[in-house]
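**Q** Both chains come to you apart, so use the hints to assemble them.
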Amino acid sequence: MIRGSYDLVVVGSGFGSLFYLRECLGHLPRTARVALLERGAYLPHARQLALRSNSADPEDPDRPTSADRYYRRLEGEKPWNFTIGLGGGTLCWWGQAPRLHPSDFGMRRLYGRGEDWPISYDDLEPHYCAAEEIIGIAGDSDRVGPFRRSRPYPLPAFRGSGIDMALRERDPMQLALPAARDSIGALRAQCCAHGECRLCPQDAKFTALNGLPAVLEDARISILTGANVLALELEAGHARRVVFERRGRRQTVSGDHVVLGANAICNPAILQRSGLGHPELGRGIAEQMGANVEVQLAAHSGVDGGTAATGQNIRLLDGAHRRAHAAAAYYFDNRWKHHGLRLERGRHLNTLNLMVIAEALRSERNFVEVPEDWDALPVIHHATHGAYAEDGLRAALRAVPEIFAGLGLERVSEPVARPSEAHVQCTTPAGTDPGRSIVDGDLLHHRVRNLSVVGTSVFPTAPAGNPSLTAAAWSLRAARRLFGAG
Amino acid sequence: MGRTTRRSFLTNGIGLVAAAAAAGVAGRYALTDIEAILEAIVRHHVGDDALARGAAAAFARDYAPMTASNWKLRSAVASGLYLLPLFRGALPAGDLARIERYDRRVVTDFLLSSSYDGRESGDPIDYLALETAPLCNPFARLR
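Residue numbers (my numbering), protein chains in the order written: chain A, 1 to 486; chain B, 1 to 143.
Next up, chain B with everything else stripped away, as it sits in the complex (with noise of 0.2 Å):
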C-alpha cells in the first residue's frame, strides 16, 4: 500500500476540500497549494495515463508563481470541490461555467508548455517549458 503525502492527497482531489477550506479560513494560499491544485487539473483533465511521470508537477511548480494572485485560480480554489463528481452537481451553474473557464485556460497553457504537438503517437505528454508567447499556434499546419 502506498504512503499518502499531502501532495498525493490534494492531487486525488480528496484533499482539495480541506485545501479550499482552509484557504477560505485564511484568506490567502500558499504557493504548495496552489501546486498541488494545478497539477490536480492537469492530471484530471489529461489523465495520468496520457502524461509523463512528473510533468504535471512540474508544470505546476513553474505555473503557480505566474497564477497565485490570479483571481480566478482563487475562485477555483475556494470552489475546488469540483473535481469531485459528487460536489460537481451541486454547484451552481455559474460557478461551473467560471471553473471551467479557468480549468481550460491552465489546460491551454500546459499543453502548450508540452510536447503534446508533435509527439509519437501514444508517447506519453511530458512537460517542456513553459510557453509565455501569446497565441503561438504550434498545432498549426502551414503546408
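Bound conformation, chain A alone (with noise of 0.2 Å):
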C-alpha cells in the first residue's frame, strides 16, 4: 500500500533506479519511507522461464509481455527493446559489462563530434568499482587495456574461445570481455556456458532479483507494481506529488525527492506531461548500430569458451579515425545461433559469431513524440542511425580481416543487421549547460532540484560499449553526492 509522504519516492527498477536507491539506503535514517513504483510485474526467476519470458502483463501475470506494447513506432523503423517488470533491465541483459572507454566522455573536446558527459571516467571510476562488486563482475584484472582501474574484478574472467585466446596472445586491444555471470559459483550458480542468458537457465547471471534482495526487502521501501507513472506534479519548482495509474485508478504519491528511471521512452514523456518540455527533451533518442559476421578459421574454435561472450577487440573503440566516424567494438560471440557449426571435416567448431557495434550520436531527427492525451503511447521516431554510426560500422566490417591476419581466416560472411542492441539512450541529456542538456553530472534536473532522472536516457551519447555497468556506477556516484558523500 502507497499511502502518505515519502522521504523518497522511486519510479522504475531497472540499473539506474536500483543502484541510486541502493546508495541511499546506506544514507536514509531507519525511520526513513521510500515508495518505488514499478510499471510492470513482479516474475519471479523461475516464473520467468516458465512463461520464457521476462515480463508479464501486471494485469494478468500469467500473460507475457514484451516492449512494443508500451511504444508506437513509425512504419518501417527500427524496433526497440526493453523489459517492463520488476528489475527492469537487469531481467534481460545479457551480462555484458565492459566499462566505457574513458574518451567516450569527451567526445566534442577530443574529437568534435557529440557532446562531452559531464563527468570524466576518473569521476565514475571508484564508482565503477563498487557497481562491479556489488553485481559480481568477473574480468580479468590483470589485463585492462585503457580501462585503468583501481581494484582488482570480484571474479576472475571466464576462459576465452580457442580463437579468442589466440588473439590475446599476439593482440594487445584483444581483452576479456567483463561479464555479469559467474565464473566461478561464488556468488550465484556457476555459469554453464548455456548461451541463452536474456533467460538464464541456471540463474547465473546477475538480476535485480538475485543480487538485490537487500533493497528489494528493506523494511523502508514500499514496492507497487503495475503502477503506471504518468507524471510530476509541481510546485514552486519542486516535485512534490507523482502521478501514477494502477488498475485504472488515477492516484498520487507524495516525496521529498524524487528518482525518475523509467526509461529512455518513458523518461522524457513523464517529464513532457510535468511540463517540464525542454528543445533536448525526447530529441535525440539513440541506440548502437550493429551486425553479426560470422568468421571461419582454419585452425581455432569460436564456440569452446566458458560463457555466452568471452572476448572485446578494442582496436577500433577509440582513435582520431572518431572525428570522421563512429568508434566501434567487437565481441566474441561464444555460439552459433545465428549459422550453426560448419560442415567441413575437421573443421565443425572453426566457427566465430562475431558482433560488430557501432557507437551512435544523438540526431534531432530521432525523438520520442509524446501526445497530449496522457492514454496514448509515446511514439518513436528513428528514421537512421545517422551516417556517424553507419559509416562506423562499415569501416569496422571492412577492418574484419585485419583482427584474424595471420591466424588462418578462411571466410568472412555477409553481415547481417542487428535489429536492436536493447540499449534505449539520450532521451534526457546529462551535461553542463542547462540550455542543451536536462540534468547536471549529478543527475539532478537542472530546474528542478529534488528530482533526480537516472539510467541510460541521461546519456550525452551512445557508445560502443554496453551502457548498463555505467547507469549503475553513475547512479553510485549521484546517490553519493546527493547525501554529500561523494
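I should point out that these hints are in silico values taken from the structure, not numbers from a laboratory.
Quick caveat: nothing in here was measured; it's all calculated off a predicted structure.
Certain hints may be false.
[As the list claims (entries may be wrong)] Here are the in silico distance ranges between beta carbons for each label pair:
#: 1; chain 1: A; residue 1: Ala50; chain 2: B; residue 2: Asp117; range: 28 to 36 Å
#: 2; chain 1: A; residue 1: Ser66; chain 2: B; residue 2: Asp117; range: 29 to 37 Å
#: 3; chain 1: A; residue 1: Pro419; chain 2: B; residue 2: Glu120; range: 39 to 47 Å
#: 4; chain 1: B; residue 1: Asp123; chain 2: A; residue 2: Gly26; range: 55 to 63 Å
#: 5; chain 1: B; residue 1: Gly47; chain 2: A; residue 2: Glu59; range: 54 to 62 Å
#: 6; chain 1: B; residue 1: Arg53; chain 2: A; residue 2: Gly406; range: 34 to 42 Å
#: 7; chain 1: B; residue 1: Pro124; chain 2: A; residue 2: Arg398; range: 41 to 49 Å
C-beta: ideal position from N, C-alpha, C; glycine also.
**A** Okay, structure coming up:
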C-alpha cells in the first residue's frame, strides 16, 4: 500500500533506479520511508523461465508481455527492446559489462563530435569498482587495456574461446569481455555457457532479483507494481507528487525527493507531461548500430569458451577515426545460433559469430513524440542511426579480416544487421549547460532540484560499449553526492 | 558386390535426383525419403569414416518427425541434386546458400546429439540421443 508522504519516491526498477536506491538506503535513517513504483509485474526467476519471458502483463501475470506494447513506432522503423517488470533491464540484459572507454566521456573535446559528458572516466572509476563489486563482475584484472582500474574484478575472467585466446596472445587490443555471470559459483550458480542469457537457466547472471534482495526487501521500502507513472506535479519549482495509474485508477504519492528511472522512452514522456518541456527533451533517442558476421578459421574454435561471449577487440574503440566516423567494438560471441556449426570435416567448431557494434550520436531527427492524451503511447521517430554510425559500422566491418590476419582466416560472411541492441539512450541528456541538457553531472534536473533522472536516458552519446554498468555506476555516484558523500 | 537397397541408393546421393523429382510431383514427402536425405546429409558432411555404424541413420529416424513439415527441408529436398558435385555447380547461388544453411542446421543438430565432443581421438562419432535443449553448449570449456 502506497499512502502518505515519502522521503524518496523512486520510479522504475532497472539499473539506474535500483543502484541509486541502494546507495540512498545507506544514508537514509532507519525511520525513512521510500516508495518504489514499477509499471510492470513482479516475476520471480522460475516464473520467467516457465513463461519464457522476462516480463508479464501486471493485470494478468500469466500472460507474457513485450516492449512493443509500450510505445509506437513508424512503419518500417527499427524496433526498441526493453523489459517492463520489477528489475527492469537487469532481468533481460545479457550480462556484458564493459566499462566505457575514457575517451567516450570527451567526444566534443577530443574529436569535435557529439557532446562531452559532464563527468569523466576518473570521476566514475571508484563507482565503477563499487558497481562491479555489487553485481559480481568476472573480468581479467591483469590486463585491462585503457580501462584503468583501482581495484581488481571481484570474480576471475571466463576462459576465452580458442580464437579469442589465440588473439589475446598476440594482440594487445584483444581483451576479456567483462561479464555479470558468475565464473566460479561464488555469488550465484556458476555459468554453464548455455548461451541463453536473457533467461539464464542457472540464474548465474546478475539480476535485481538475485543480486539486490537486500534492497528490494528493505523494511523502509514500499513497492507497488503495476503502477504506470504519468507525470509529476510541481510546486514552486519542486516535484511534490508523482501521478500514476494503477488498475484504471489515477492516484498520487508525494515525496521529498523523486528519482525518475523509468527508461529512455518513458522518462521524457513523464517529464513532458509534467510541464518540463525543453528543446532537448526526448530528442536524440539513440542506440548503437550493430551487425553480426561469421568468421571461419582454419585452426581455432570460436565456440569453446566458458560463457556466452568471452572476448572483445578494442582496436577501433578509440582513435582519430572518431573525427570522421563512429568507434566500434568487436564482441566475440561463443555461440553458433545465427549460422550453425561448420560443415567441413575437422573444422565443425572453427566458426565465430562476431558482433560488430558502432557508437551512435544524438540527432534531432530522432525523437520521442509525447501525445497530448496521457493515455496514448509515446511515438518514436527514428529514421536512421545517422551517417556517423553507419560509416563507423562499415569501416569496422571492412576491418574484420585485419583482426584475424595470420590466424588462418578462411571466410568472413556477409554482415547481418542486428535489429536492436536493447540499449535505449540519450533522451534526457546530462550536461553542464542547462540550455542543452536536462540534468547535470549529479543527475539532478537543472530546474527541479529535488528531481533526479537516472538510467541510460541521461547519456549524452551512445558509446559502443554496453551501457548498463555505466548507468549503475553513475547512479551510485549521484546518490552519494546527493548525501554529500561523493 | 553389395546389394543396392532403396536406402543405399538414396544415401549414396544418386537417388536424390529421383527423390526430389518424385517429391516435386507429389507435393509431399514420405517420411522414409526425408530420413534418407537427412542420413545422406550427415554422412556426406561428417564422413562415413568418422561415423559409428548406423549413427547417421539412427539420428535421421529420430530427427525426421521433427522436421517433416519444415519448409527448409522441402527446399533442400527439392534441390536434392546438390550432393552431386556436377549439379551443385549449376545451382543458383541463392539456392546453394539456402541449402548450406539447412545442411548446417542438420549437421549441428547431429553433432550436438552425438559423442562428437568428449570422445577419444579417433573414436567414431556415435549418435546418443536427440538434443533438444536450445543452445546448450557441450563444447564450452569452463576452466
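**Q** Determine for every hint whether it applies to the structure shown.
**A** Structure-based check of all given hints:
no., hint, result
1, Ala50/A x Asp117/B: 28 to 36 Å, "holds (30 Å)"
2, Ser66/A x Asp117/B: 29 to 37 Å, "holds (35 Å)"
3, Pro419/A x Glu120/B: 39 to 47 Å, "holds (43 Å)"
4, Asp123/B x Gly26/A: 55 to 63 Å, "holds (58 Å)"
5, Gly47/B x Glu59/A: 54 to 62 Å, "holds (56 Å)"
6, Arg53/B x Gly406/A: 34 to 42 Å, "holds (41 Å)"
7, Pro124/B x Arg398/A: 41 to 49 Å, "holds (43 Å)"
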